[in-house]
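Quick note, the sequences are listed as chains A and B, same order. Following this note's numbering from start to finish, the first sequence increments by one per residue and tops out at 496. Following this note's numbering from start to finish, the second sequence increments by one per residue and tops out at 1496.
Just so you know, these hints were derived from the structure itself, not from any lab. Predicted model, so just to flag it, every value in this text is computed and none were measured. Glycine included, every Cβ here is placed at the ideal spot set by N, Cα and C. Mixed in with the good hints, there may be bad ones.
To be verified - Here are some chain A residues the structure puts well away from chain B; computed CB gaps all over 10 Å:
1) E170
2) A350
3) K431
4) L450
Unchecked claim - Covered stretches of chain A (in silico footprint by chain B; criterion: 3 or more residues with CB under 8 Å from a CB of chain B, positions within the stretch not fixed):
5) 19–29
6) 45–56
Protein chains: 2
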Amino acid sequence: MTTQAEAYARLKARFARIAALGEAQAMLHWDASAMMPPGGAAARGEQLAALAGLAHELMTAPEVAEDLAAASATGEWDEANLALMRRAHARAVALPTALVEASTRANSACEKVWREAKARADFALVRPHLAEVVRLQRETAQALAAATGLSPYDALMDGYQRGVTAAEVEPIFAAYEAFLAEALPCAEALQATRPAPIPLPGPFPVAAQRALCRRLSERIGLDYDHARLDESLHPFCGGTPTDIRITTFYAEDELAKSLLGVLHETGHALYERGLPEAWARQPVGEAAGMAAHESQSLIVEMQTCRSDAFLSFLGPELQASFGGGPEPYAPANLARLWRRVSRGFIRVDADELTYPAHIILRFRLERALIGGDLAVADLPGAWNEGFRALLGITPPDDARGCLQDIHWHDGAFGYFPSYPLGAMAAAQLMKAARAAIPDLDTEMARGELLPLIAWLREKLHGQGSRFGFQDLLRHATGKSLDPQDFTEHLRRRYLE
Amino acid sequence: MTTQAEAYARLKARFARIAALGEAQAMLHWDASAMMPPGGAAARGEQLAALAGLAHELMTAPEVAEDLAAASATGEWDEANLALMRRAHARAVALPTALVEASTRANSACEKVWREAKARADFALVRPHLAEVVRLQRETAQALAAATGLSPYDALMDGYQRGVTAAEVEPIFAAYEAFLAEALPCAEALQATRPAPIPLPGPFPVAAQRALCRRLSERIGLDYDHARLDESLHPFCGGTPTDIRITTFYAEDELAKSLLGVLHETGHALYERGLPEAWARQPVGEAAGMAAHESQSLIVEMQTCRSDAFLSFLGPELQASFGGGPEPYAPANLARLWRRVSRGFIRVDADELTYPAHIILRFRLERALIGGDLAVADLPGAWNEGFRALLGITPPDDARGCLQDIHWHDGAFGYFPSYPLGAMAAAQLMKAARAAIPDLDTEMARGELLPLIAWLREKLHGQGSRFGFQDLLRHATGKSLDPQDFTEHLRRRYLE
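With these hints in hand, go ahead and build the complete structure from the sequences.
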C-alpha cells in the first residue's frame, strides 16, 4: 500500500470506530425514551457524555489531521468518503472544547426551564436562558463559518443538511408564501362546499392499534428481523440501519396520530434500511441529512399513505381492525378526515398545506437571531407579527407561539428548514417515481409499496451520503429542488 | 493538591469513564438478550467490540502506569479504591493484545460449535475448539499469574472472585463431599417417608405470571423506578446500579422456574441497588465479586423465599393468582415441591443439597485442565467417572455430561466455584442476620424482607468492593467462610 492509501485505511478504521460509538449512543437514546425507568436518567447522562467525549477525542486526535493531510483515495465512493471525513473533522476541530461544554450546559439548563415556561405560557421565565443559548449558538456558528467558508447561519444549517444554503431557501420560501396567500383561502372555500368528515367510530383499543401499526409498517416494507416498534412519549425513528427502532404513542380515543405516525417513521426506517451496506460505519454510508430523511418519511406518509389510492386499501383494513359500518372508512371520507386544511397555531398539528408557513416563520426568526438582527427579548412580538402575516391569525399566548417547540430551547438552530425541504423533495421524488413506474397508483391501491421503495433504494437510499441535498435530487430526479412539484401536488390535492 | 493527590484524581476520572463505558456495554448486552431483533446481532458485535477496545486502551494507556506509580490516597475507601485500580491495571496490562484477541476469537468459534455438539451429544465435534480455548486460557492464566503472584488457576478465579484461593476452596469442597455422602441417602430416605407433593394446578397464564413476578419482586424490595423486568431465553440480572434490568422466561405449564428465578435475580438486583452511591463508577463501588453476588441471590431465593416462613406468605398469593383449592398452596406442600432432593445430571436443575457436587466436579476438572494435568480429549471420561463418584449415577451421554454448560466453551474458567461459595456464604449471612434481627422469621412470614435487606445493605451491599470475599464475610458475620453454617442449614431443611 502507498503511504496515502495507508493513511486512508487508518482513517476508515477510525471512522468505523467513531460510528460504532454513535450506534451505541443511538441505542442508549432509544432505550432512554422507550425503556429506561426514570431512576436511570442520571447514569444514562454519564454514559452518553462518556461516549460523546470519546468520539470527539477520536475525531480530534492529532494523528487524524496528519492522516487527512496525507491520505488520498481513488474511486467515486472513496473520494466522497474522504471528503466527508475532512468535513466532519473540520467541523469537530473548529469548536473549542470549552464552547461545546458551555453549549451543552446552557442547552440542558434552558430546556429544563422551557418545560415550565411552556406549561405556564411565560416567556419571561426562559428568556435569560434562551439568550445564553443563542449567544453560544452564535459563537458556534461563527467558529464553524470560519472553518467551512459558509456564512454563520449556513454553517449551522449545514450540520443538519449538507448542500443547501439559506440563500437558496429564501426565494423558495418566499414563493411558497405567495402561493399560500392565494391557495389557502381557495382550499378553505372548496373544503367548505364538501361534506364534513364522519369521525371514525372509536374507541381504538391499544392492542388493536399496536397490531395494525405493526402489520401495516411490515406491509409497506419494514422487515422486523431488523426492526422493533415500541412506545415513547415523542415518536421517533432511532437505532441503526440493521436494527431500526421506531416508536409511537397510543391513545384509546385517537387513531390517526399513532397510525400515520408509524407510517411516517416507517419512511425514515426504510431509508436507513436501504443505506449501502458496503459503506456501513463510514461517512459516505450515512443518510444524506435531515431534509433527505424527511423526504423519505413524507413520501411514505403524505405522498403515499394519504393518497386516494392507498386510502382505498387502508379503509377495509381499518374497518377490520375497529369495526362499525363502512361509511367512515370510505376512501373519500378518510381523505376528508386526514387531509383537512385548518389554520392553527401548533406546528406539529398542522396540515400539509399550512405546515411550511410554520417553518418559514421559524427560518426567518432563527436566521435573524443568529445574525444578530433580532434580540431574544423581541422574539414573542416578532413571532406573533410574523405568524399573523403568514396565516392571518395571532397566537393567544406564547405557549401557542414561540414557546411551542423544544428546538431552539435545546440549541437546535438551522434544523427547521429540513421539514418543508423534505416535503418538497418528497413531491418531486414522487413525480419522478410515477413517471418511472407504470401502475404505481394501482400498486398503492393494493397496499403494495415495494415498486416505489425499490426505486427509492436505487435512486436515493443506496446512494448514502455521496451527494449533498441538491445533488442527490439531481441524481434521483434529474433536477435540483423544484418547489413547483410540491405546489402542483398541493393544487391537485387541495384545490381541485 | 499534592502531585500524589492530583495523580489519584486523574485516575478517578479515568476509571469513572471506563466504568461508564462498562455501563453502556451492560445496557447493550441486556438489549441484545431482551429486545434486539435478530438482524441487529452483527452490528451489536461491532458496537461491543468498539467499547471493549476503547475501555482496554483507556486502562492500558502509558499515563495510567505513571499516575499509579505517583498516586497516593488517604482514608480507608480511597486507599482500597487505589489498590483496586492497581489490581485492575496489572491484570489488564498483563495480557498481550494478541492473546486477548486470539482468546476472543477462539471462545466465539468454540461456543458456536458447542451449541451443535450439545444438540448432537457429540463431544468430538467441539473437542479441537475446546482444546484451543483451554490452550489460550492456560496462557492467559500464566500471564496473569506472573503479574499477580497467584498460581495460574487462582489468577483466573481471582478475576471472578477476589480474595479466595483454590487452596482454601479445596478442603471446603472435600468436606462437603464427605457430608453429602452421608446426608444425601438420609435425605432421600426421609423424603420417601413423606407424602408426594401435589402439583400446582396449571396452566399458569403468562400475563398472570408476569404480574405476580413483578409484584413479589417489588414486595421484597425492588424499586421499579430503578428497574425493569423483561423476558429473555436465559434469565439474568443486568444493567447498572440505578437502572437494573432483570429478565426471566415464562412458560404456561411451569411456574417455579420463572417465579423462583425472578426472586433469585431480585437478590442480585438488591445487591446492585445497595452499592455505595458515593463510589459509583469507581472500582471500590462495585460488587465484591461473583461469590458475593451469588450469596445475595441465594439468601433471597434459597434462604428466604423457600423457607417455611416465606412459603406461608407465598401460598395465598399464588392461590389468588392461579386459583384452585387450598391444598397445593399449603406451605408444607410448596416445601415438598420446591425443596425436593433428586440426583440428576443437569446442574441448573439441581436441588440445593446436590448442587455443590456438580461444582466440585467442575472445579477439580477445570483446575486440572488449566494445570495441564488433564487433556481435553480425556474430559468426557473424567467427567463421567467423577460424577459417579460424587452422586452415584453416570451421565448417559455428554450432552448430560461435560457438554451441558456454556462456561468452558466460552472461555470461562475459575467461575464455577462462585456458586457453592455463594450458597455457603448465604447460609452464614442468614445465620448472622437471624441473630441480629429479632422476629426475622415473623417478618418473612408476612412477606416482609425489609429488615433483612436493611441489614445486608449495612453489612454487605454498602461495602462495595472494599473487601475481598473472605474479609467481606468477616466484616459482616465476624468470621471467614464457615461451611458449617451451610451444612447446618441443610441438616435442618433436609434431615429433620
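Going down the list of hints, with the structure as the test:
Listed as outside the interface, E170 of chain A is consistent with that label: its C-beta sits roughly 40 Å from the nearest C-beta of chain B, beyond the 10 Å cut-off. At roughly 34 Å, the least C-beta separation between A350 of chain A and chain B is larger than 10 Å, which holds for a residue marked as non-interface. With a least beta-carbon separation of about 33 Å from chain B, K431 of chain A lies farther than 10 Å from that chain, consistent with its non-interface assignment. The Cβ of L450 of chain A sits about 19 Å from the closest Cβ of chain B, beyond the 10 Å cut-off, so the non-interface label holds.
Beta-carbon proximity to chain B at under 8 Å applies to 6 residues in the stretch 19–29 of chain A; the threshold of 3 is reached and the given coverage holds. Counting residues of the stretch 45–56 of chain A whose C-beta sits closer than 8 Å to any C-beta of chain B gives 7, which meets the bar of three, so the coverage hint holds.
When the structure is compared with the earlier hints, no violation turns up for any of them.
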